[in-house]
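Chains A and B, in that order, give the protein sequences. The numbering used here applies: residue 198 is where the first sequence begins, and numbers increase by one. The numbering used here applies: residue 300 is where the second sequence begins, and numbers increase by one.
Don't read these hints as lab results, they were simulated from the structure. Accuracy of the hints is not assured; some may be wrong.
When the alpha-carbon atoms are kept at most 20 Å apart in a straight line, the in silico SDA-like pairs for lysine to any residue are as follows [to be verified]:
#1 A:200 x B:338
#2 B:355 x B:327
#3 B:353 x A:294
#4 A:250 x A:238
#5 A:254 x B:348
#6 B:336 x A:284
Counterexamples of contact, computed for chain B against chain A with all Cβ distances above 10 Å [said to hold, decoys possible]:
#7 305
#8 308
#9 352
#10 358
#11 369
#12 383
As the structure is a computational prediction, the values presented were derived from the model and not from experiment. Cβ atoms here follow ideal geometry from the backbone N, Cα and C, with glycine treated the same way.
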Amino acid sequence: DVKVTQSSRYLVKRTGEKVFLECVQDMDHENMFWYRQDPGLGLRLIYFSYDVKMKEKGDIPEGYSVSREKKERFSLILESASTNQTSMYLCASSSPGELFFGEGSRLTVL
Amino acid sequence: DQQVKQNSPSLSVQEGRISILNCDYTNSMFDYFLWYKKYPAEGPTFLISISSIKDKNEDGRFTVFLNKSAKHLSLHIVPSQPGDSAVYFCAFTSGTYKYIFGTGTRLKVLA
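Using the sequences provided together with the hints, build the complete structure.
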């Protein structure tokens, strides 16, 4: 069964803190993605990776970075969290024609 | 530049009736179209898809229709059930890495 696992379901951080969101997939997919979901805005792509150590910016990369050291793991990093980064973060991996999502990580920045 | 629009942010339907969710797009390069369903505090789950060479695809109670000339995608759920209450996102891709999502429609099925 397809599995995308996000390390934290709920996090509360303070402004200026560094935040790591980790994602692991067990399907040997090459492509992995980070989205954020906000009410009325749908899912917006932050970054994606099409191979180990390869990454590309999505539509809203500002304030974020990513790391893909191993094929199965894709991390999202907020170097200095801000209140406007309070959101639901969704990791996904893809096979041709389908995205598989993790359960999501709800981040609140105070 | 919004390439995908779900113009109805919410929809309420009686149990047993048909639910129709709509999506409009502008990019004629899209060749694969998907619908995802999302419950609160969970990740989206894949529901149904259609390729650009078809105009209809069915899976049980769910049917997706594609009108390429109008650049319009719709999802029909018949009969609607209370468990269908969720947010529905349409998504589009042109065979690249990128998937473009709509803003979502919150469906509420009333018992």
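Verification of the supplied hints:
no.: 1; hint: A:200 x B:338; result: holds (17 Å)
no.: 2; hint: B:355 x B:327; result: holds (18 Å)
no.: 3; hint: B:353 x A:294; result: holds (15 Å)
no.: 4; hint: A:250 x A:238; result: violated (29 Å)
no.: 5; hint: A:254 x B:348; result: violated (26 Å)
no.: 6; hint: B:336 x A:284; result: holds (18 Å)
no.: 7; hint: 305; result: violated (8 Å)
no.: 8; hint: 308; result: violated (7 Å)
no.: 9; hint: 352; result: holds (13 Å)
no.: 10; hint: 358; result: holds (14 Å)
no.: 11; hint: 369; result: holds (21 Å)
no.: 12; hint: 383; result: holds (19 Å)
This entry does not satisfy hints 4, 5, 7 and 8, going by the numbered hints stated previously.
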